[in-house]
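When we follow this note's numbering, the leftmost residue of the sequence shown carries the number 6, and every step to the right adds one.
A few of these clues could be false.
Once the Cα atoms are required to be at most 30 Å apart in a straight line, the calculated DSBU-like pairs of lysine-lysine come out as [to be verified]:
#: 1; residue 1: K116; residue 2: K173
#: 2; residue 1: K181; residue 2: K165
#: 3; residue 1: K236; residue 2: K258
#: 4; residue 1: K20; residue 2: K116
#: 5; residue 1: K272; residue 2: K181
#: 6; residue 1: K20; residue 2: K82
#: 7; residue 1: K181; residue 2: K236
#: 8; residue 1: K225; residue 2: K176
#: 9; residue 1: K93; residue 2: K116
#: 10; residue 1: K239; residue 2: K82
Simulated restraints on C-beta separations [unchecked claim]:
#: 11; residue 1: V261; residue 2: L52; range: 54 to 62 Å
#: 12; residue 1: P56; residue 2: E205; range: 42 to 50 Å
#: 13; residue 1: Y50; residue 2: D26; range: 46 to 54 Å
#: 14; residue 1: V59; residue 2: D26; range: 48 to 56 Å
#: 15; residue 1: K23; residue 2: K258; range: 31 to 39 Å
#: 16; residue 1: G80; residue 2: T169; range: 37 to 45 Å
#: 17; residue 1: I44; residue 2: V261; range: 43 to 51 Å
#: 18; residue 1: A153; residue 2: G207; range: 49 to 57 Å
#: 19; residue 1: N190; residue 2: K225; range: 54 to 62 Å
#: 20; residue 1: D265; residue 2: Q45; range: 35 to 43 Å
Note that these hints are calculated values from the structure, not bench results. Here the structure is a predicted model, which means the values were calculated and not measured. Just so it is clear, CB atoms sit at the ideal spot from N, CA and C, and this is done for glycine as well.
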Amino acid sequence: MNIKEILTATIDFFKKHKIPDSRLDAEVLLAHLLDIERIQLYVKYDLPLEPQEVAAYRELVRKRAERVPVAYLTGEKEFMSLPLVVNKNVLIPRPETELLVEYVIDYCQDKGIDGPNIVDVGTGSGAIAVSLAHYLPAARVLGIDLSAEALAVARLNIDKLGYTGRVKVIKGNLLKPLLKMEKDNVDIIVSNPPYIPRNELGNLSPEVRQEPWMALDGGKDGLDYYRQLIKQAKAVLVRGGIIVLEIAYNQGKSVVALFDDDWEDIKVKKDYAGSERLITAALV
Numbered sequence: 006m007n008i009k010e011i012l013t014a015t016i017d018f019f020k021k022h023k024i025p026d027s028r029l030d031a032e033v034l035l036a037h038l039l040d041i042e043r044i045q046l047y048v049k050y051d052l053p054l055e056p057q058e059v060a061a062y063r064e065l066v067r068k069r070a071e072r073v074p075v076a077y078l079t080g081e082k083e084f085m086s087l088p089l090v091v092n093k094n095v096l097i098p099r100p101e102t103e104l105l106v107e108y109v110i111d112y113c114q115d116k117g118i119d120g121p122n123i124v125d126v127g128t129g130s131g132a133i134a135v136s137l138a139h140y141l142p143a144a145r146v147l148g149i150d151l152s153a154e155a156l157a158v159a160r161l162n163i164d165k166l167g168y169t170g171r172v173k174v175i176k177g178n179l180l181k182p183l184l185k186m187e188k189d190n191v192d193i194i195v196s197n198p199p200y201i202p203r204n205e206l207g208n209l210s211p212e213v214r215q216e217p218w219m220a221l222d223g224g225k226d227g228l229d230y231y232r233q234l235i236k237q238a239k240a241v242l243v244r245g246g247i248i249v250l251e252i253a254y255n256q257g258k259s260v261v262a263l264f265d266d267d268w269e270d271i272k273v274k275k276d277y278a279g280s281e282r283l284i285t286a287a288l289v
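Can you make the complete structure from the sequences, with help from the hints?
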């Protein structure tokens, strides 16, 4: 069996199983297995596969048909043009979250902030933390997560991308580790917290339901973590420091209402699709 034949059969198989992006998934998995770029699949269309390669590919295809996300099968996901390690212990980085990183980069450049102290709450794979360190060469970033398994993945990415000197991670619940240390020198807090209302978790796609529920469950109304984080942030941010939060498309007004008079310049930012995606605010 050659590349063309196995791709054609897999695409048909995925379509029968109603797998979204059937062609893309078939190509990504085969390119990953063969350790080549996707474009090379078409250059080598007639290349015969070894029996062990066919068997290994069929195993990946079987798992994808069971709705295991492609990123978990390949063990990698690109974010902000950086190759990240991912596994079942972390939320898969989304393209929409790149907006949060881009906002902070632009903010620092516009304000002439050199070497900001940034805290990434709920760091997961470390995607946001390492991206900010990459694009803000003098930034110092601390990632916090309650999951030891997620922190292990974050450390892998920090090491892999060479940011062990400027990105650190610690275990903790939201900002509680900093509150205990009485740290109050943070310039920027960023977070993509769990924000899905608990009663909506069952409506998620089969792929998303395989991601860590700890990273998805936002409590009864989806706002549990925003309430805690906004309150805690006041004790660790410098005056004029900012908080940047990812939100769901329908949460703008609800999250804005959680900020009291200690905050100013509260704004809702939309993503490239026109959906509400970020909340930003500065501490008075």
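Each hint tested on the structure:
For a cut-off of 30 Å, the pair hint linking K116 to K173 stands: about 25 Å separates their Cα positions. At roughly 28 Å between alpha-carbon atoms, K181 and K165 fall within 30 Å of each other, so this suggested pair holds. Our distance criterion of 30 Å between C-alpha atoms is met by K236 and K258, whose separation comes to about 17 Å. Taking the CA atoms of K20 and K116, the gap is near 50 Å; set against the 30 Å cutoff, the hint is violated.
Restraint check: the Cα-Cα separation between K272 and K181 comes to about 26 Å, which is no more than 30 Å; the hinted pair holds. A hinted pair counts as satisfied when its Cα atoms are at most 30 Å apart, and K20 with K82 qualifies at roughly 23 Å. Taken as a hint, the K181 and K236 pair is honoured in the structure, with Cα atoms around 11 Å apart against an allowance of 30 Å. Taking the CA atoms of K225 and K176, the gap is near 25 Å; set against the 30 Å cutoff, the hint holds.
With a CA separation close to 38 Å, the supplied pair K93 and K116 exceeds the 30 Å bound. Only pairs whose Cα atoms come within 30 Å are accepted, and K239 paired with K82 is rejected, the gap being roughly 34 Å. Between V261 and L52 the Cβ separation comes to about 56 Å, which falls inside the hinted range of 54 to 62 Å. Between P56 and E205, the C-beta spacing of about 45 Å keeps the proposed range 42 to 50 Å intact.
A hinted range of 46 to 54 Å is violated for the C-beta pair Y50 and D26, which are about 20 Å apart. Distance hint for V59 and D26: a CB-CB separation of about 22 Å, inconsistent with the stated range 48 to 56 Å. Between K23 and K258 the beta carbons are some 35 Å apart, a value that agrees with the proposed interval 31 to 39 Å. For G80 and T169, the hinted distance range of 37 to 45 Å is not satisfied, since their beta carbons lie about 21 Å from each other.
Evaluation of the 43 to 51 Å hint for I44 and V261 yields a pass: the beta carbon distance comes to about 45 Å. The hinted window of 49 to 57 Å between A153 and G207 is violated, with their beta carbons roughly 27 Å apart. Separated by about 34 Å at the C-beta atoms, N190 and K225 break the suggested range of 54 to 62 Å. In this structure the supplied range 35 to 43 Å is violated for D265 paired with Q45, their Cβ-Cβ distance being about 56 Å.
The structure fails to meet hints 4, 9, 10, 13, 14, 16, 18, 19, 20 from the earlier list, while all remaining hints are met.
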